[in-house]
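2 protein chains.
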Amino acid sequence: MIHPFDDTYFMKRALQEAQMAYDKNEVPIGAVIVMNDQIIARAHNLTETLNDVTAHAEMQAFTAAADFLGGKYLKECTLYVTLEPCQMCAGASYWTQIGRIVYGASEEKRGFLAMKTTLHPKTKVIGGVLKEESAKLLTRFFIEKRNLN
Amino acid sequence: MIHPFDDTYFMKRALQEAQMAYDKNEVPIGAVIVMNDQIIARAHNLTETLNDVTAHAEMQAFTAAADFLGGKYLKECTLYVTLEPCQMCAGASYWTQIGRIVYGASEEKRGFLAMKTTLHPKTKVIGGVLKEESAKLLTRFFIEKRNLN
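Protein chains in written order, with UniProt numbering: chain H, 1 to 149; chain Z, 1 to 149.
The following block holds chain H by itself, in its conformation from the complex (with noise of 0.2 angstroms):
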């Protein structure tokens, strides 16, 4: 039997947040927080809208997440995400204790891996699931700022 909730069904529900953000003229990174095969939690960049640098797609997913489950952290959980976090969310992520972190895109220049940020012990990761997808979206983002200005 297949399971039907894998890392890319989860992804895809964060490819649409990334959409959303997409749609609001944001910077296209979407995120969801998911436990035990339920998603609890689910952010897109809002650094324009809010005008605030700390509003990336995983620090509202964090403070979402635990506001669901009414503690703060998110052992049990699973972080998906569209682009490779920084060192903010990463560094977020490392006081949230969440159980996984599984991202799309690599981001070679800022991303927590280049930037050596220290994770959980406890928290494993996955990179590259829908990483075409997501790419692709930042990319056409980026390329129509561009030209607009």
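Incorrect hints may have been included.
Since the list gives no way to pick out one identical chain from another, each pair is judged satisfied if it fits inside one copy or across any two copies.
With a cut-off of at most 20 angstroms between alpha-carbon atoms, the simulated SDA-like pairs for lysine to any residue come out as follows [said to hold, decoys possible]:
#, residue 1, residue 2
1, 109, 119
2, 131, 22
3, 122, 110
4, 75, 47
5, 24, 72
6, 136, 108
7, 109, 136
8, 136, 99
9, 72, 48
10, 124, 135
Keep in mind the hints are simulated off the structure, nothing from the lab.
On the provided structure of chain H, position chain Z as indicated by the hints.
Here is chain Z on its own, set in the frame of chain H:
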């Protein structure tokens, strides 16, 4: 003529914020953000009250300062914070492009220096301002916590 608005003056304001956190049974860390000798944001750690590990004093102060200024970047601002920022908060400061970070006590285990978090290249850092006062409040908090458990 003595300039009354020096780093010690503003760190005292950050310590007042830390005291407010202490009074709420929060880990006592406080922050203010200053531009042109004016405090434009003040915040203290609210991780327990808000049930949110991202609710560090610095994160809230960044958001409040950007909201006050109506612009995302804090290039002309100084963050005063009673404890050396963690990698999440230092990572956030990277995005704000803040001009200066002045901190009190060192955080030798989870501070951004030990964690090797990359700051924005234009951010200047000064540590150790009123470090004894800051450390004293933190130590008092943790000793009291331990005695209660």
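Each hint, compared with the structure:
1. Taking the shortest alpha-carbon separations for residue 109 and residue 119, both the intra-copy value of 18 angstroms and the inter-copy value of 14 angstroms come in at or below 20 angstroms.
2. Taking CA atoms no more than 20 angstroms apart as the test, residue 131 paired with residue 22 passes inside one copy only; the shortest distance there is 17 angstroms, against 45 angstroms between copies.
3. Taking CA atoms no more than 20 angstroms apart as the test, residue 122 paired with residue 110 passes between copies only; the shortest distance there is 16 angstroms, against 23 angstroms inside one copy.
4. For the homomeric pair residue 75 and residue 47, the shortest alpha-carbon distance between copies (17 angstroms) is at most 20 angstroms, but the shortest distance inside one copy (27 angstroms) is not.
5. Taking CA atoms no more than 20 angstroms apart as the test, residue 24 paired with residue 72 passes between copies only; the shortest distance there is 17 angstroms, against 30 angstroms inside one copy.
6. For the identical chains of this complex, residue 136 and residue 108 are intra-copy neighbours only, at 16 angstroms inside a copy versus 41 angstroms across copies, given an alpha-carbon limit of 20 angstroms.
7. Taking the closest pair of Cα atoms, residue 109 and residue 136 come within 20 angstroms of each other only inside a single copy of the chain (17 angstroms); across copies the shortest separation is 39 angstroms, beyond that limit.
8. For a Cα distance limit of 20 angstroms, the shortest separation of residue 136 from residue 99 qualifies neither inside one copy, at 28 angstroms, nor across copies, at 34 angstroms.
9. Within a single copy, residue 72 and residue 48 get their C-alpha atoms only as close as 27 angstroms, which misses the 20 angstroms cut-off; across copies the closest is 8 angstroms, which meets it.
10. For a Cα distance limit of 20 angstroms, the shortest separation of residue 124 from residue 135 qualifies neither inside one copy, at 22 angstroms, nor across copies, at 34 angstroms.
Checked against the numbered hints given earlier, this structure breaks hints 8, 10; the rest are met.
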